[in-house]
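From first to last, the protein sequence lines are chains A, B and C. Taken in order, the first sequence gives residues 771 to 1120; the numbers are from the working numbering. Taken in order, the second sequence gives residues 771 to 1120; the numbers are from the working numbering. Taken in order, the third sequence gives residues 771 to 1120; the numbers are from the working numbering.
There may be inaccurate statements among the hints.
Because identical chains share one entry, a pair is satisfied inside a single copy or across any pair of copies.
[To be verified] For lysine to aspartate or glutamate, the following DMTMM-like pairs were computed, each having C-alpha atoms within a straight-line distance of at most 20 Å:
1. K970 with D1039
2. K1060 with D836
3. K1104 with E984
4. K970 with E865
5. K1104 with E1114
6. K1057 with D889
7. K1057 with D944
8. K820 with D1100
9. K818 with E1114
The hints are simulated quantities; they were obtained by calculation from the structure and are not laboratory data. Predicted model, so just to flag it, every value in this text is computed and none were measured.
Spelled out, the chains give:
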Amino acid sequence: MTLAFSAAELIALLTPRATRGGTTATLRTIAALKDAQPGDLSFLGNPKYKPEVAATRASVVLLPADFDGEPATDQLFLLVDNPSAALATLCARLEAALWPRPAAGIHPSAIIARSATIDPSATVGPLCVIEDDAVIGPRTVLQAQVFIGRAARIGTDGWFMSGVHLATETVVGDRVRLHAGVVLGSDGFGYESATGRHIKIPQIGQVVIGDDVEIGANTTIDRARFSRTYVGTGTKIDNLVMIGHNVVIGRHCIICAQVGISGSATLEDYVVLGGQAGVAGHLTIGKGAKADGQTGINTTVAPGTFWKGSPCLPYQLEQRINVLRQRLPDLFRKVDTIAAELAELKRLPR
Amino acid sequence: MTLAFSAAELIALLTPRATRGGTTATLRTIAALKDAQPGDLSFLGNPKYKPEVAATRASVVLLPADFDGEPATDQLFLLVDNPSAALATLCARLEAALWPRPAAGIHPSAIIARSATIDPSATVGPLCVIEDDAVIGPRTVLQAQVFIGRAARIGTDGWFMSGVHLATETVVGDRVRLHAGVVLGSDGFGYESATGRHIKIPQIGQVVIGDDVEIGANTTIDRARFSRTYVGTGTKIDNLVMIGHNVVIGRHCIICAQVGISGSATLEDYVVLGGQAGVAGHLTIGKGAKADGQTGINTTVAPGTFWKGSPCLPYQLEQRINVLRQRLPDLFRKVDTIAAELAELKRLPR
Amino acid sequence: MTLAFSAAELIALLTPRATRGGTTATLRTIAALKDAQPGDLSFLGNPKYKPEVAATRASVVLLPADFDGEPATDQLFLLVDNPSAALATLCARLEAALWPRPAAGIHPSAIIARSATIDPSATVGPLCVIEDDAVIGPRTVLQAQVFIGRAARIGTDGWFMSGVHLATETVVGDRVRLHAGVVLGSDGFGYESATGRHIKIPQIGQVVIGDDVEIGANTTIDRARFSRTYVGTGTKIDNLVMIGHNVVIGRHCIICAQVGISGSATLEDYVVLGGQAGVAGHLTIGKGAKADGQTGINTTVAPGTFWKGSPCLPYQLEQRINVLRQRLPDLFRKVDTIAAELAELKRLPR
Chain A
771 MTLAFSAAEL IALLTPRATR GGTTATLRTI AALKDAQPGD LSFLGNPKYK
821 PEVAATRASV VLLPADFDGE PATDQLFLLV DNPSAALATL CARLEAALWP
871 RPAAGIHPSA IIARSATIDP SATVGPLCVI EDDAVIGPRT VLQAQVFIGR
921 AARIGTDGWF MSGVHLATET VVGDRVRLHA GVVLGSDGFG YESATGRHIK
971 IPQIGQVVIG DDVEIGANTT IDRARFSRTY VGTGTKIDNL VMIGHNVVIG
1021 RHCIICAQVG ISGSATLEDY VVLGGQAGVA GHLTIGKGAK ADGQTGINTT
1071 VAPGTFWKGS PCLPYQLEQR INVLRQRLPD LFRKVDTIAA ELAELKRLPR
Chain B
771 MTLAFSAAEL IALLTPRATR GGTTATLRTI AALKDAQPGD LSFLGNPKYK
821 PEVAATRASV VLLPADFDGE PATDQLFLLV DNPSAALATL CARLEAALWP
871 RPAAGIHPSA IIARSATIDP SATVGPLCVI EDDAVIGPRT VLQAQVFIGR
921 AARIGTDGWF MSGVHLATET VVGDRVRLHA GVVLGSDGFG YESATGRHIK
971 IPQIGQVVIG DDVEIGANTT IDRARFSRTY VGTGTKIDNL VMIGHNVVIG
1021 RHCIICAQVG ISGSATLEDY VVLGGQAGVA GHLTIGKGAK ADGQTGINTT
1071 VAPGTFWKGS PCLPYQLEQR INVLRQRLPD LFRKVDTIAA ELAELKRLPR
Chain C
771 MTLAFSAAEL IALLTPRATR GGTTATLRTI AALKDAQPGD LSFLGNPKYK
821 PEVAATRASV VLLPADFDGE PATDQLFLLV DNPSAALATL CARLEAALWP
871 RPAAGIHPSA IIARSATIDP SATVGPLCVI EDDAVIGPRT VLQAQVFIGR
921 AARIGTDGWF MSGVHLATET VVGDRVRLHA GVVLGSDGFG YESATGRHIK
971 IPQIGQVVIG DDVEIGANTT IDRARFSRTY VGTGTKIDNL VMIGHNVVIG
1021 RHCIICAQVG ISGSATLEDY VVLGGQAGVA GHLTIGKGAK ADGQTGINTT
1071 VAPGTFWKGS PCLPYQLEQR INVLRQRLPD LFRKVDTIAA ELAELKRLPR
């Protein structure tokens, strides 16, 4: 996709209170202050990054109206009431260019149960299936070949890509974006073993997703055994993640690709899990705790802590042990030498 | 879903030979004897758990008719011929409430090859595709948007959720439950490398699934290079599992989420693999062997053993090494101290 | 599937320049020289394997026309201009038997935008959706229930199995084989965190796939934040792999199942990643480098090197450390003994 904004177009779009400096660059993408290159737009969303503004190479920077620094050469400052809000405006514009909203209405090839309720402003694309008593909220778009099971309820402004599957009674909030192949509400993995066979425990709960959640391609979230599996507002989940039954995830968490979260685990708000990390069942990860990629979390984790390794240890300790581990060949040799010297010493006459 | 049974309703459903005690609790779920809480139903399916009956907090317990203990306060014993069978009866009732069986017949939007054979008691939901020579057995339900490839054969009482894909010649037994997005019969990953390119080895075998198997959402099982990839009766497989070509899995195994099993591995009966475990190709895991989550199995494993770590070691050894590993900083310091003391000692006059 | 060739049928199919020896075996599959069993066909595609010909148990061996060895008993040599080309001819024949090419044309149940361009020799199966401005090349087959997003372009001779999803503007080369459930072009996982919320960075790039690529079931490849996520010609990718935004993969790589590659990583040509390996973002893996299963690559890797462990170390070093690691209980005991003996020695009068 060819996307390009001039400084003038940005000013027209974002209507800043004031501008400082100027740039001839064509703006092509958005980056954090410290990562930005010429041609990028950046922004100061959090005052703690203020020292990074002076060094940023971004061609355009969104700043709060009371910001008092000066731009570099060929750099434009846009002073706005709320840089984060301005950024969101720009993002919405960029996405609209790539994903133009389809017309409201139901494609004639979609199969819709009579008892389903579909807001007139929603879009139901080709070959979707919507079962009895399902509810689709205002302006929600089901792209194509989406399945919405019996009595599922979807809020406003959702965007479900092709091949999304929502099982019976799944509930999804507002402004939720589900990528292709997402499955919500598949049965949890629960059996009682008796007489050498595994007898299925009915999984009769549901999946409930808060507002402003995004879920990546082919991720699966299982329905609860009883009650609900829950994902809190603002949480972002990457591709091929597995979330087991009765897991409760807080607000604004970041769950990277291929993470697995076992049944009945709890993640408090702002937890960050690196790719391929695994979480054992029935434990709690405290607010703001983080885990590196491939970490195996098998213990309850305190808020704000950072973990690494499988099984996990505090990040700094694990890093230190990993360094020492590489020195094991030396250590074994050194201990052998010491043992030989000690034996020699003991043999000496006194 | 609001689900609730009174003691009286349970008695009416399960028709026990006798009852002992009583409870006013509303029964909402099923749990193992040691995990059960008030409001739960539990059961004694295996005599070895008999000692756990006295301590269980379950409000209702299914017991064999000759059980001689007494219930606690507000606890009801139901004495039945076969507690496991009674449990299965209850489970079937619970699931039927959530997943009412759709009417038999073929939805007019489904695309069915003329040479396909579909039992009149089967249900083929909207927008399914069934190719030539496929066979769908009695009472099997294809929920919606399911694909059944050429000459695939499915037994009786199957339940395939939306978006399941079965490639050409896949064979599935009776009472098999496949969750949304399952792929059976995709090509195995096999190439011969010649002159700097990877030449595909045709994958002309098939996938064969036994009876009473359940497979979780978005799991994939590859067809054999030749002959068959096989999953034995009663085995349960969780979400996002990968089973490579020519793998043979025995009966009543438990394969947790995101496990990967490489080509031509063999799992004997009752193997249990924890989440994210990996199994290398061309090896055998003996009957009843277990592996913890994230284990990397790169060796043939004897029956009944328990493994952990990557690469795997016997569970107890791996646990012990993980404890010692945390003491490496101390060990390095201690060896340095010893070396210094020894040098000092050697310097002393004798 | 029953597949069987006699020696005579193979000769008729491959028209060798000459034959040597003979076999009564029925040929059923293809194997590497060192793995082949009676009943297998093998081949000498690379001169460096010439010493393996004498010991191979294959019933038929494809060899270059100037090969001068003699076959064993009941073994047939087929001398051809190019063994790799002959193998490819045979493979094409085997696959054609299992996957007969459907008739060209568009199934009446497919939903095709008017502005899409579909070559008359292509096949669009039942219940596919093709959006505006998409292009489907000659002889490409979309099996069933495939989604091709707006302005996506697919080359010649592609074969997309059921339930493949290509998002807007995805580009795919010639002779690409995508298995069921593959998702190309889902949004990359990128957010800027501001005021306690994660603001989505629009993912406005695309996915571009070279020629002769094969991608396994339910694998996902994310579109770039800007520019492109790229997979080079001849690369083979297994099931349930996750490839993040802006990743660049070279030619003829092998990516095994459940691998995860984080955003902006670069793989040069001929890289091989074992199952469940993970690659951190923004690093480069040099040409021909390899990683064992479950490896965690968190560093730039030189060409031709081999890695293992999480975090990764050179393979030989990691193997050695894993051996020493098992001896940690002994080492701790030995150091305790040494310390005790040293203390004793220091107590002695001199």
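| query | Any of the earlier hints contradicted here, and which numbers? | reply | Hints 2, 3, 6, 7, 8, 9 contradicted; others consistent.
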